[in-house]
Amino acid sequence: MRMSQMFGQTLREAPADAEVVSHQLLVRAGFIRQLGAGIYTLMPLGMRTTVKVETILREEMNRIGGQEIFMPVVHPAELWKETGRWYKIGDEMSRFHDKNGRDMVLAMTHEEVVADLVRKDIQSYRQLPRMVYHLQTKWRDDPRPRAGLIRVREFTMKDSYTLDKDEEGLDKQYRAHYQAYFDIFNRCSLPVIAVGADVGMMGGSLAHEYMYLTPIGEDTLLLSDCGYKANRQIALFKKPEPEAEDALDVEKVATPDVATIEALAEFLDIPKSRTAKAVFLMATFSEEKKDVEKLVFAVVRGDMDLNETKLMNAVKAKELRPAHDEEIADVGAVAGYASPIGINKEKIILVVDDLIPNLPNLVAGANEAGFHLRNTNYGRDYEAEIVADIVSAEEGYLCPKCGEPMQAQRGVEVGNIFKLGTDFTVPMGGNFLDEDGKEKPVIMGSYGIGSGRLVQSVVEEHNDENGIIWPISVAPYHVHLVGLRGGEEAAAKLYDELEAAGLEVLYDDRDESPGVKFKDADLIGVPIRITVSKRSLEEGSTEFKLRREDDRQKVALEDTVAKALEYKATLEAEVASTVVEIPYED
RNA sequence: CGGGGUGUAGCGCAGCCUGGUUAGCGCACUGCGUUUGGGACGCAGGGGCCGGCGGUUCAAAUCCGCCCACCCCGACCA
Numbered sequence: 120m121r122m123s124q125m126f127g128q129t130l131r132e133a134p135a136d137a138e139v140v141s142h143q144l145l146v147r148a149g150f151i152r153q154l155g156a157g158i159y160t161l162m163p164l165g166m167r168t169t170v171k172v173e174t175i176l177r178e179e180m181n182r183i184g185g186q187e188i189f190m191p192v193v194h195p196a197e198l199w200k201e202t203g204r205w206y207k208i209g210d211e212m213s214r215f216h217d218k219n220g221r222d223m224v225l226a227m228t229h230e231e232v233v234a235d236l237v238r239k240d241i242q243s244y245r246q247l248p249r250m251v252y253h254l255q256t257k258w259r260d261d262p263r264p265r266a267g268l269i270r271v272r273e274f275t276m277k278d279s280y281t282l283d284k285d286e287e288g289l290d291k292q293y294r295a296h297y298q299a300y301f302d303i304f305n306r307c308s309l310p311v312i313a314v315g316a317d318v319g320m321m322g323g324s325l326a327h328e329y330m331y332l333t334p335i336g337e338d339t340l341l342l343s344d345c346g347y348k349a350n351r352q353i354a355l356f357k358k359p360e361p362e363a364e365d366a367l368d369v370e371k372v373a374t375p376d377v378a379t380i381e382a383l384a385e386f387l388d389i390p391k392s393r394t395a396k397a398v399f400l401m402a403t404f405s406e407e408k409k410d411v412e413k414l415v416f417a418v419v420r421g422d423m424d425l426n427e428t429k430l431m432n433a434v435k436a437k438e439l440r441p442a443h444d445e446e447i448a449d450v451g452a453v454a455g456y457a458s459p460i461g462i463n464k465e466k467i468i469l470v471v472d473d474l475i476p477n478l479p480n481l482v483a484g485a486n487e488a489g490f491h492l493r494n495t496n497y498g499r500d501y502e503a504e505i506v507a508d509i510v511s512a513e514e515g516y517l518c519p520k521c522g523e524p525m526q527a528q529r530g531v532e533v534g535n536i537f538k539l540g541t542d543f544t545v546p547m548g549g550n551f552l553d554e555d556g557k558e559k560p561v562i563m564g565s566y567g568i569g570s571g572r573l574v575q576s577v578v579e580e581h582n583d584e585n586g587i588i589w590p591i592s593v594a595p596y597h598v599h600l601v602g603l604r605g606g607e608e609a610a611a612k613l614y615d616e617l618e619a620a621g622l623e624v625l626y627d628d629r630d631e632s633p634g635v636k637f638k639d640a641d642l643i644g645v646p647i648r649i650t651v652s653k654r655s656l657e658e659g660s661t662e663f664k665l666r667r668e669d670d671r672q673k674v675a676l677e678d679t680v681a682k683a684l685e686y687k688a689t690l691e692a693e694v695a696s697t698v699v700e701i702p703y704e705d
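Just so we're aligned, residue 120 is where the first sequence starts under this note's numbering, counting upward by one.
Hints should not be assumed to be uniformly reliable.
Pairwise CB distance ranges (calculated) [claimed, not checked]:
id, residue 1, residue 2, range
1, K638, P310, 21 to 31 Å
2, G127, D422, 44 to 54 Å
3, L130, S696, 33 to 43 Å
By construction, these hints were calculated from the structure, which means they are not laboratory data.
On a predicted model such as this, the values are computed, not experimentally measured, just so you know.
Glycine is no exception: its CB is placed at the ideal position from the N, C-alpha and C atoms.
Hey, can you work out the whole structure from these sequences and the hints?
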């Protein structure tokens, strides 16, 4: 590509609304342009890198038996009504009517379409196992797009789906993905870890998330030196052992204008850990066809944070939202001064963290504005319907496996794998006839990688103060050829020769000063730079520089193509050497 | 959805508080000339419904109201 002909330009300054380095660089270097919140155009450079990433995705999916298909981005709503997700998912799914007034949806994901294919095309166990995948646009009207391509509303995803006749088959395909995903990220030179994850709205039994560890990540992970690692949504931890203490009599104390745990601890001069915190949430349950809301009253130790994912799983709700003050008052509780003692238990589901029964003499609300109770004791003063772990793990909490303090780190979820089971094939009738003559639902797995998020994560990992430093595997070009004054003719000839040798070359033939060309080369970040100038030609040479290194090297003009091929091979071999077997961890 | 912030040329910004010539600066862009190994210089240019609507006023980028868009934190999220 001759730069003088390329659509798009580099920017000296990044737009003010780009905060994350990788976002700034992708915009400045001319890879992406924003169209709206969470909606981006891929420019020629961004497109080339994306194609590189997608090629890797295809190769690795094909390698484990994937068959590429292409499913639509617009779906009839009927499919989503069949699995219930039409009702379950809120604003995040965009809906519209076609000209006949039929409900349509923009695809957020494709489980329903796959299940529909299953019921149309799979009849026998002889047709299993199978694996299909596609690369397709997804639309999720996310409440908060952010950080460039890291979190967008419209994005391209590689999603694959496995179809099996039994759990063993699913496990086999799941493990194949587990390894293939590491291979994919390694080929992109992106370091990731796989962590246990909540199955969330996908349902199913087991899930891993592939996390790129970085402060710009939006998920929090808990990591232990012993190897335990999990998303905070589900991370376990070892609860502290409280000191034994005799239960004392309940005592009502006036606590005027003390409505928070902080204020309460200060007012009574006690640690927050000696208080019980009450949190109210409205939970939605499906009963028959209707949704029913019920107030969940959760109690955790005052210094700990409620984990809504754990709570949601504990009460088996499909949705949780903060309760309004009126809803809290309706059950006889007073926000800020609430406790389970003396509450109308008919109307609520009381859930107590499993640490609470071991904690004697906690301070809790009196359900009366301005008053708290000292020395409340679980079992004597109240009992809960559910006792479960409903607290979020934090930095420094003890590892559930080894008991040592854990570290909290942020991460970007660049991929995930799910054992879905029969959650989609049962409601949609995706059955097959098994060897034993019985009809059974096909067992599914679902596996996703967002290509844009992956591209930006690579940039976040590989950059310096001058710009991007692409790994050669996903670089938009292999070689950035800089032609300076006096070297135009030789550069143009070299450009043709390099391309003829199979190299992808970005040739800066613009009428610009050397400074501008070098700055742009650094910004765009192509791994191998070759400069041809009057100065170099006087010595009969060209100048090589790797983007990631500072030193330059003179190479005889006639050896330039060979040298470029050699560098490319070396860099590719380096990347390839990182692709290794990763032990599978549940 | 809650909190905070920003909308003035392609990008970065000043002007607004205290209303009043033709709305300004840097980069980018066009032409000419000089320059040429790390974002050059001179001269001459082009480009703006000052986010939108409404109001106050003789007069609004500037004051007031409503709306919209975008960004950040949180909530949410396969």
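Original post:
Which of the listed hints are broken here?
Top reply: none
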